[in-house]
Amino acid sequence: MTAILPRETLIFTIARLLDGVKLVAVGAASPVPAAGAMLRRALDDGRRTVRLSVLGSVEHNFFTNGSAELFDCAGQGRLDAFFLGGGQIDGQANVNLVGVGDYPQTQVRWPGSFGSAYLYFTVPKVILFREEHTPRVLVEKVDFISAPGVSPPGVYRPGGPVALLTSKGLFRFDSGRPGFTLESVHPGHDAAEIAAATGFAYETPAIVPETPLPDPATLTLLRGRVLDELAETYPAFAAEWRRDLAALAA
Amino acid sequence: MNADLRAMASRIRPGMRVALPVDYAGVSMAMTRPMIAHGAGDLHLICVPTGGLQVDQLVGAGLVRTVETSAVSLGEAGGAPRFNQAVKDGTIRLRDATCPAIHAGLMAAQKGSPFMPMRGLIGTDVLRHRDDWQVIDNPFAGGGDPVVLIPAIHPDVAIFHAPMADRSGNVWIGRRRELAAMAYASAETLVTVERIVEHNLLADEATAAGTLPALYVTAVAEAPRGAWPYGLWGEYATDTDELLRYARAARTAEGFAKYMAGEASA
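Quick note, the sequences are listed as chains A and B, same order. For the first sequence, the working numbering gives the first residue as 1, with consecutive numbering after it. For the second sequence, the working numbering gives the first residue as 1, with consecutive numbering after it.
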């Protein structure tokens, strides 16, 4: 069987999560989500149109009405999927992009909430993606709510989180409970390791399957067309991927 | 230092509300040092909708009282060191927002309306810390349905960089419509451009649609590579190495001062 790089597993998982979307947007400095969206587009080629907007890209951005257009699109219900990271993410899927400690004089300051306080509410499929899987990132309760995982009844909330993907595994989010369930673990990791690295409580099924891996045809698409497309916006990331593939072949 | 840029910077007075664009839209980095040399402080920066190097340098130079923004960072070069230090020290007032709220506030000003309603935000700490925003029940819903009201944002001055202007002061902004939104909302707009062209930008339909009319433009000055080290769409790429050099230097106040004393060279 062909060896598969950890980042290829992540990209393929994102492409699986994006099944069915028509328009997906990717924020700045997000090569893995961008690659996942590009793989989704490639997989659906000839069957359905997947439109992709990568913030900061010229080639992969068709908006003509300035930086407000992405949010307007989300408000109109046209944007199907988006990605959020987070300095902290808690068990209720609350996201903190602002800082650690008491606001406003936080001892660690992250950039800020960006569009999260709007897009989390309006985009039906928000995928939380954070590679670092540690108790300092996946916390019991965030210090600052940039965007809440769930809203009380009566609050306009067509959007929200569907999944949390890390370097170790994939969680599904159930907004009814609310809470996460461990869905699968990536190759080389296990449920016990994930339990030790996660600061919030979540549900674990009796048997946790391994995260599905791309088949040979998908892998060919990933290492060909997707890698080529990605290089326009993320040259450094693409070059590193190519180096790792060369090392894999050696 | 370019006399035109100095003259433009001299229009800024202490305490003004200054609108600045996001790092990829056309930041007038050429105006940063003239602004610092001019020295008008106590500024209220409005980042449209996020800030970067220019914001960090104005904060580092001690000219800033308030930062109203959805985020401040140096992108690939990491966190904004002087901004982050000022947050930690409590020396600036923060007005944390979310991108579409900044757009909504500018849009209200553009329309001459007192506010714009917007979705989202309910239950966030962003909203909780904004005593200038209000929540009402949607009056058309027949009960319930809370919605946030964002008051109009009226900057005293907007400052940005664009590829070209003509002799009449019309400025070509292409599809970077947030630059127009800033100008519509602001009392004055100061623009630096790569070049000034001899033909009228409004005379050709191909450029007219992407042109901000001189009506909204207070002053224009030529500043080749005026966004550097940021890139300018359609013109040149971001100089990430320079951003990284700044990020390293500005970790300390001394390093920042030394960097800023150095000659700016594109």
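Among the hints, a few may not be true.
Claimed, not checked - Keeping only pairs whose Cα atoms sit at most 25 Å apart, straight-line, the calculated SDA-like set for lysine to any residue is:
(1) A:Lys141 x B:Lys111
(2) A:Lys125 x B:Asp145
(3) A:Lys125 x B:Thr207
(4) A:Lys141 x B:Arg128
(5) B:Lys111 x A:Gly75
(6) B:Lys111 x A:Thr64
(7) B:Lys88 x A:Ala196
(8) A:Lys125 x A:Asn61
(9) B:Lys88 x A:Gln107
(10) B:Lys88 x A:Pro135
To be verified - Here are the simulated distance ranges between beta carbons:
(11) A:Pro178 x B:Glu205: 16 to 22 Å
(12) B:Ala237 x A:Glu240: 53 to 59 Å
(13) A:Glu132 x B:Asp132: 32 to 38 Å
(14) B:Ala257 x A:Val58: 34 to 40 Å
(15) B:Asn200 x A:Glu132: 52 to 58 Å
(16) B:Ala261 x A:Phe63: 22 to 28 Å
(17) A:Pro235 x B:Gly234: 35 to 41 Å
The hints are simulated quantities; they were obtained by calculation from the structure and are not laboratory data. Ideal placement from N, C-alpha and C gives every residue a C-beta, glycine not left out.
Lys125 (chain A) and Thr207 (chain B) were given as a pair; does the straight-line alpha-carbon distance stay at or below 25 Å?
Judged against 25 Å, a Cα distance of about 38 Å means the pair is violated.
Pair hint Lys125 (chain A) and Asn61 (chain A), alpha-carbon separation not exceeding 25 Å:
Holds, at roughly 20 Å.
Consistency of beta-carbon spacing, Gly234 (chain B) to Pro235 (chain A), with hint 35 to 41 Å
At 19 Å between Cβs, range violated.
Need the status of pair Lys111 (chain B), Gly75 (chain A): alpha-carbon distance at most 25 Å?
holds, 19 Å
With a cut-off of 25 Å on the C-alpha distance, tell me whether Lys88 (chain B) and Gln107 (chain A) pass.
Holds: Lys88 (chain B) and Gln107 (chain A) sit about 5 Å apart, inside 25 Å.
Measuring from beta carbon to beta carbon, are Glu132 (chain A) and Asp132 (chain B) in 32 to 38 Å?
holds, 35 Å
Take the C-alpha atoms of Lys88 (chain B) and Ala196 (chain A), compute the straight-line distance between them, and say whether it is at most 25 Å.
violated, 31 Å
Can the suggested window of 16 to 22 Å be confirmed for the beta-carbon pair Pro178 (chain A) and Glu205 (chain B)?
violated, 53 Å
Does Asp145 (chain B) sit within 25 Å of Lys125 (chain A), going by the straight-line distance between their CA atoms?
Given that 25 Å is the threshold and the Cα spacing comes to 22 Å, the pair holds.
Can you let me know if the beta-carbon spacing of Asn200 (chain B) and Glu132 (chain A) is within 52 to 58 Å?
Cβ of Asn200 (chain B) to Cβ of Glu132 (chain A): about 54 Å, so the range 52 to 58 Å holds.
Kindly confirm whether 34 to 40 Å is satisfied by the beta carbon distance between Ala257 (chain B) and Val58 (chain A).
holds, 36 Å
Is Lys111 (chain B) close enough to Thr64 (chain A), meaning Cα to Cα at most 25 Å?
This hinted pair holds, its Cα atoms lying about 20 Å apart.
Violation of the numbered hints given earlier is confined to hints 1, 3, 7, 11, 12, 16 and 17; the remaining hints are satisfied by the structure.
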